[in-house]
Every structure is written in structure tokens, then in C-alpha cells.
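**Student:** Residues per chain are reported as follows:
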Amino acid sequence: MMNDDTKDIIITKHNFRKKSFLAFSFFILFAIFAIFVWKKINHATDVAGTPKPLRTILDKNEKIFSSIFSDQHLSKTYPVSEAVKKVRVNGDIGLKSDLDTSWRLHLVLHPGDTLLLTMDDIKKFPKTELVYDFKCIEGWSQITHWGGVKFSDFLKKYDPSASQEKYAGLSTPDNEYYVGIDMASMLHPQTILCYEMNGKQLPVNQGYPLRLIIPVKYGIKHLKRIGTIFFSNERPPDYWYERGYDYYSGL
Amino acid sequence: MKIKVNKKHPLAIRWLHWINFPVLAVMVWSGMLIYWANDVYRIGWGDKTILKFFPDSFYKAFHIPFRLAEGMSIHFVFMWLFAINGLIYFLFLLFSGEWRLIFPNKKSFKESFLVVLHDLRIRKTAPPQKKYNAAQRIAYSLVILMGLGSILTGLSIYKPTQFHTLTSLLGGYEWARIEHFTLTILFSLFFIVHIIQVVLAGWNNFQSMVTGLFVVDKNAIPVQQPIIENKIEDTINDPTDQVGPVESTNNLHEDSDKTEEIIKHDE
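These protein sequence lines are chains G and S, in that order.
Residue 1191 in the numbering used here sits at position 223 of the first sequence; the count goes up by one each step and never skips.
Residue 994 in the numbering used here sits at position 153 of the second sequence; the count goes up by one each step and never skips.
To be clear, the hints were calculated from the coordinates, so they are not data collected in a lab.
Please note: incorrect hints may appear among the correct ones.
As the list claims (entries may be wrong) - Here are the simulated lysine-lysine pairs, DSBU-like style, with alpha carbons at most 35 Å apart:
(1) 1044(G) with 893(S)
(2) 893(S) with 1007(G)
(3) 1000(S) with 1031(G)
Bear in mind that the values here come from a model prediction, so they are computed numbers and not experimental data.
Could you build all of it, start to finish, from the sequences and the hints given here?
**Tutor:** And the structure:
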């Protein structure tokens, strides 16, 4: 009644005890093994703030998910009317020093060969406006409205060979905040060097005069007040990566 | 002494079940570390909040605050184990035919009501069942669906641009996060009810999830000897048998230690 009785068998009590003992031995061994693995993971040496075994898998995740990454996968866009007026400000690292009035974008073509660009140089490109759901790694998101130039257009003009490199590194003028981003994400059609928010000049707390907007990444990669951009085949240093976060942080 | 046992849980199901338990626990735990960083969900209306997810005392008790990075790295590693283990489990159900014992059938939805009444001690008898009763069939099948739901909602908040179609289908990024969270709460509620039911069902039921063998009859009538070569009338009287005496063609072996005669019912 309780069970499917086609699976009933008759065994000796002795045999049943033997089977139970074996099964429970395996069960307890498995439990000990699971606890052992858990402790081993959590006590492993840290690589950039995360235990090495976890870091290894996170890097594997990057390989897997960057292989399905496509320029054709666009972040959803919204009508301008849906963009919030009060845009959340979540970080000011790299913005604490006074902004040098003679700000220039330092584009490192080769080590020792740096191009200094003004805002006028950047505004020469056709302006792209983007209204999308900005996603913070903390879990909140906001529909926001930005304007600037496509990074891919910018790079094509000033440093076309750089697209062969694997990564771009960006940092604030004071080098307090810095990010590393894979080239595929940098060349994504929605990645922009941004100088406008809600149709107006970028506020200082949002990264005036120039910030990165990169919808295929979490907010932590949207560096404000860009000072320097360089390219490399090695991973450039990344502020939050060093504090235990995933390097890729792709969406 | 001989006892009659039922081979209730196949080995694969036991392994997959017990692997899933710690893995799901780790997923829920690391999910909590992540959720803390933006803990906006509550039950209530307007300014009135009945239940905040989660009270500060709860966070403090479990040392949850300021561990977002840790939570994410654990979550995005153990997600593979959860998904792969779940997939193997589902495939095993399909190919072993075990699904027939777990997925609800036509009667299950009507009967599950009677089972609940029986469990609440309102009704004396429970409907006849095979491995699982109607309520268990529905609950266990729902949990499988919830697992799939957790993977899909999880994927759609993990990579909302790469899986934008999926994210839109689930109502967008923020809805997918709410759904993912809700499923976690449902898993936790399922876990509580599951534990209560297991405790109520007793040791025999619990140990069968480890050993696979559910004791049906502690004093099965000793196997009859001698053996007649031809078909014999099986005289074993099965109290749980509703069909009546059965023809058995199995030869009964002499070496009693190795005997595991399967009593087959002709259908």
C-alpha cells in the first residue's frame, strides 16, 4: 500500500543490517568530505580577495560567458520619458581631488607615446544617446539617460590597432579608481564615452567631464572622470577585482 | 530471521538528493549575502510593513552584512553544481521511468486534498498510493519546477543582456530578481515542511533515503524449503497485498545468506 510492491524483496536481518551499516558509512563519509571541501575552499590562499579555487572557476566563467558574448545582444533601451530625474550617486572614489581645469584625456598609444585630447576633440564625433537600465552590482538598477560618443568610433579614429589588444585599462586622473575591461565589451555598440546626462552636461558627482557608460557591465566598471585609457594584452589592474569581485562582471 | 523490505529509492536518486541538499544550502546562503546589498523586499502595503526581508537582527545573527563579493563568488561557482546535479536528476527520472512515481497523474490533484486532510488528522484514511502520495507528487514535482525556475531567473539576472529574450519573458530585470528571491523563499518553506514531514514519518522512512530500503515487514515468514522444481504456489501472505496470492516463478536458493528473492507480481 505504501510502496510499489513489485520492488519488495525478502532479505535476512543480518543482511539488512550490513547494507544499512555500509550505506550510513558512505553517508557520513560523504558529509565529512563535503565539510572538508567547504573548509578547504574557504581557507585556500586568496587571489585578489577571493579564495583561489573560487577565483579559478570565476575566470572559467569569464571564458564561458565571453564566448557567447555578441555585439548583436543589446541592452534593452527605453524612451527618454522613462529615465529617472534623480540619478543615484553611489561612489566618489577618484573624484575627491579638485578637477584640474586643464583636463585632458590621456590616450596611451604605446608606452611613452600618449595622445592628449580635449573635450572638443571628443565632441567632434556624432553624439549617441542611450536610455538603458543601469545595473549596480549591489542589485539595484535605474533607467538612466546618457549622451556621448561610441567608444568604437573613437578608437577607430585615434588608435585603430588597439582593438587587437585583449583589454582596455581606464583610470581617474588621480589613479585612485581604475578598471580593466575586455576589448569585446569596450567595442560593443552601446559602450560610450559619456559627457551628458539627461540632456545636460555631466554633473561632477557623475564624472564630469567624461565618464564611461558600458551597459554590458555592472556599474563598478562605469568609471567616472576618465583620466587615462590604455590597452594591453594582460589584465589591467581593477579596483573592485582587487577587493574580491569578479574581474569580468559582464551582463 | 527474514525481513521484507521495499527497494524504495534508487541509488542515483539518493546520491543526487544528498548532493543537492548542501549545494542548495550554499546557494541560499550565498544568495543571502548578495541580497543584503540591496535588501528592498518586504511584505506590506503603502507605509505599512508586515515583514521586512530581512530584519537587522537576522542579518547580525548570521553575520551577513558586507559580504557581497564573497557571496557572489560562492554563488557563481556553486551554481554549476546545482544546475548539473539538477539536470542529471531530471534526466534520471525521465530515463529510469521513476517519473511515473513522482509526476502527478490524473487522480493526484483531486487526491492531494484528501491527503492534506488526512495529514491534518481531519480525515481517517488516506487514498491508496504507490511510492508517493498525491500531495507528495505535487510538492516534489513543483520543487523540480522551482529548481528550473531558479536557474532561469538566475541566468536572466546574471547575464540580462546576453539572455535578453529570457529576461524580457520573465518581465524584465527587476521582476526576474523578485522571482528569483521568491523562489528562494519557497525553497526555504519547502525545506521546513519537508523536515517536519520527515520527522513525523519516522526513522524507517528517513533511513530509506540513505539505504534505499524501506522495511515493510519486520517478521516476514521464513522462506519455504524445500523447493519444488515446477511452479509453486507462493504461500507468503502479504498483508499489504491487495491483489491476493500471487504466482511466483522464482526459484528459491539454498544459500540463505545470499537470498534476495524478488517476489514478482504478474500484472
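**Student:** Would you mind marking each hint as holding or not holding in the structure?
**Tutor:** Taking the hints in turn, this is what the structure says about them:
1. 1044(G) with 893(S): The hint holds at about 31 Å.
2. 893(S) with 1007(G): Holds. Residue 893(S) to residue 1007(G) sits at ~32 Å (cutoff 35 Å).
3. 1000(S) with 1031(G): This hinted pair holds, its Cα atoms lying about 14 Å apart.
Of the hints listed earlier, there is not a single one the structure fails to meet.
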